[in-house]
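Trainee: Residue numbers (the working numbering), protein chains in the order written: chain A, 1 to 359; chain B, 1 to 120.
In short, the hints are calculated from the structure, not lab data. It is possible that part of the hints are untrue.
[Claimed, not checked] Here are the computed distance ranges between Cβ atoms for each label pair:
1. Tyr110/B to Tyr234/A: 39 to 45 Å
2. Ile37/A to Pro36/B: 37 to 43 Å
3. Phe14/B to Ile291/A: 33 to 39 Å
4. Phe100/B to Thr63/A: 55 to 61 Å
5. Tyr63/B to Ile37/A: 38 to 44 Å
[What the hints assert, rightly or not] Quick look at which bits of chain B chain A covers, simulated, 3 or more residues with Cβ under 8 Å:
6. 24-38
7. 69-75
8. 90-97
Remember, predicted model here, so these are calculated numbers, not experimental data. Idealized CB from N, CA, C, for every residue including glycine.
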Amino acid sequence: MGMMLLRLLIPMVVILALAPVGMMYLTWLERKVIARIQDRVGPNRVGPYGLLQPVADGIKMLTKEDLVPEGADRLCHFLAPILIVVPALFLFTVLPFGPGLVAAPLTTGLLFFVAIGSTETLAIFMAGWGSRNKFSLLGAVRNAAQLIAYEVPLVLSLAVVPMVVGSLNLLEIIAAQQGGWFLFTPWGIAGFFLTLTAGLAEVNRTPFDLPEAESEIVAGFHTEYSGMKFALFYMAEFLSTLAISGLGAVLFMGGWLGPGFLPAWIWMGMKTLLLVFVMIWVRGTLPRFRIDQLMSFAWKVLIPLALANLAGAACWVLLPALWGNLLSAGLAFGTFLVTTQLWLAPKLHLPTHWLTKES
Amino acid sequence: MNYNLNYLFLGVFFLAALVVPLLPIVLARFVAPKKPGPTKNAPYECGMETEGDTWVQFRVQYYLFAILFVVFDVEALFLFPWAVVFKEMGVPGLIAMGTFLGILALGLVYAWQKGALEWE
Numbered sequence: 001m002g003m004m005l006l007r008l009l010i011p012m013v014v015i016l017a018l019a020p021v022g023m024m025y026l027t028w029l030e031r032k033v034i035a036r037i038q039d040r041v042g043p044n045r046v047g048p049y050g051l052l053q054p055v056a057d058g059i060k061m062l063t064k065e066d067l068v069p070e071g072a073d074r075l076c077h078f079l080a081p082i083l084i085v086v087p088a089l090f091l092f093t094v095l096p097f098g099p100g101l102v103a104a105p106l107t108t109g110l111l112f113f114v115a116i117g118s119t120e121t122l123a124i125f126m127a128g129w130g131s132r133n134k135f136s137l138l139g140a141v142r143n144a145a146q147l148i149a150y151e152v153p154l155v156l157s158l159a160v161v162p163m164v165v166g167s168l169n170l171l172e173i174i175a176a177q178q179g180g181w182f183l184f185t186p187w188g189i190a191g192f193f194l195t196l197t198a199g200l201a202e203v204n205r206t207p208f209d210l211p212e213a214e215s216e217i218v219a220g221f222h223t224e225y226s227g228m229k230f231a232l233f234y235m236a237e238f239l240s241t242l243a244i245s246g247l248g249a250v251l252f253m254g255g256w257l258g259p260g261f262l263p264a265w266i267w268m269g270m271k272t273l274l275l276v277f278v279m280i281w282v283r284g285t286l287p288r289f290r291i292d293q294l295m296s297f298a299w300k301v302l303i304p305l306a307l308a309n310l311a312g313a314a315c316w317v318l319l320p321a322l323w324g325n326l327l328s329a330g331l332a333f334g335t336f337l338v339t340t341q342l343w344l345a346p347k348l349h350l351p352t353h354w355l356t357k358e359s
Numbered sequence: 001m002n003y004n005l006n007y008l009f010l011g012v013f014f015l016a017a018l019v020v021p022l023l024p025i026v027l028a029r030f031v032a033p034k035k036p037g038p039t040k041n042a043p044y045e046c047g048m049e050t051e052g053d054t055w056v057q058f059r060v061q062y063y064l065f066a067i068l069f070v071v072f073d074v075e076a077l078f079l080f081p082w083a084v085v086f087k088e089m090g091v092p093g094l095i096a097m098g099t100f101l102g103i104l105a106l107g108l109v110y111a112w113q114k115g116a117l118e119w120e
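Only chain A is shown next, with the shape it has when bound in the complex (with noise of 0.2 Å):
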């Protein structure tokens, strides 16, 4: 009985005291690296390097008034950033961070996890609607689109994994990667990409912040947020930027797998961070998407990639090593060479001329 509350207890107290901590130091991380992009020193006066920045930004939020809109709904208002940081809080539930080091080692790991992330868009959405301003309703709708966009080629290039391993347990995909990583395989580096560019999306980063676009709708779904509960929707990104960069580090970089002369957790931290350091990278390189671009870059590009991605693994697993190789190289090689468009050209150039009919 009291290990038993012991292994409850333990986990939970970690997730709960070292996720705040963890978001807290990726704002000081992002705008120390976007500073850098940008020929700026970044926080540099409270604490050695800024590091005490979070610290001062969180009292500095504590002791801001909380306004709530004439004529908001105002429990919806008030539900909003709390349930955007509780399904944050769980993603962290089912990710391994070394051997035995999983709060919840779920057999439907995978399928948790998005179903899980899925729900923080009506979260966003009840913020949205509850400030009954224009801005954030706006923010809300083009919110929900996106991510319902984006759910779908998120959830394709995840399948391939599942395809190759047999299993939905992260604990096992990490297993089955003892002998090399997904990424260095045909349909691994193309679902690696997909699965990076769709997560993007699905957190709501640059360029897919259009629901926060501060030059064309204010903050979007938190305008009308001041105080900590604007905090608690900057938490809830954080959060789940971390979390799905740890998600693609267990997929397809071999998670907490690594040579032994560093603890597992420290592999998969490392990986972890690696793959925030991309994504903040992204966003202080790239401009963001138009609106038009953003769904026809998901309906059009992405999903079929994702099926041709699909394919691409079945012939890996099913065929003869040479022509599963072969033929799943190709079909990943232009799934790759498309959408590494959005990574390496110096511009974005989309081939939207082709997306867009002329009317």
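Assemble chain B onto chain A, guided by the hints.
Mentor: This is chain B only, laid out in the frame that chain A set:
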């Protein structure tokens, strides 16, 4: 046993996770100033007075995308269980799923050709 424990954990975790957002909100209640005013509580629209009702109909385009999404999301529902047993089923499984996905892909092509994916 372990199975039940996992779900028990997730249930308790939900309650415990509520503390993380609620604690700062409650704390801010005591710390933050509270001076509402008619101007301060008006909807923020960059200084312009708000015009008309906010909760109005929005464009039908969003609805079209939502319908397309439902189709593909149901497909995702079938895709995951299929992916788990894919290796054991082999070629017959691939043909079955290939037919299903092929029909869906045809539907996407149809919607594309009909201009349902255009955003004007």
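Trainee: Indicate, hint by hint, whether the structure satisfies it.
Mentor: Structure-based check of all given hints:
Separation of Tyr110/B from Tyr234/A is about 41 Å and conforms to the stated range, judged on CB atoms against 39 to 45 Å. Taking 37 to 43 Å as the suggested C-beta distance range, the pair Ile37/A and Pro36/B conforms, at roughly 40 Å. Between Phe14/B and Ile291/A the Cβ separation comes to about 34 Å, which falls inside the hinted range of 33 to 39 Å. One distance hint, 55 to 61 Å for the beta-carbon pair Phe100/B and Thr63/A, holds here, with the actual separation near 56 Å.
Checked against the hint of 38 to 44 Å, the C-beta distance between Tyr63/B and Ile37/A comes to roughly 39 Å, which is consistent with it. A count of 12 residues in the segment 24-38 of chain B with a Cβ less than 8 Å from any Cβ of chain A is obtained; the coverage claim is therefore met, three being the minimum. Under a criterion of three residues with beta carbons nearer than 8 Å to beta carbons of chain A, the stated coverage of the segment 69-75 of chain B is upheld, 3 such residues being counted. Check result for the segment 90-97 of chain B against chain A: holds, 3 residues qualifying (beta carbon to beta carbon below 8 Å, three or more required).
Violated hints are absent here; each numbered hint is respected by the structure.
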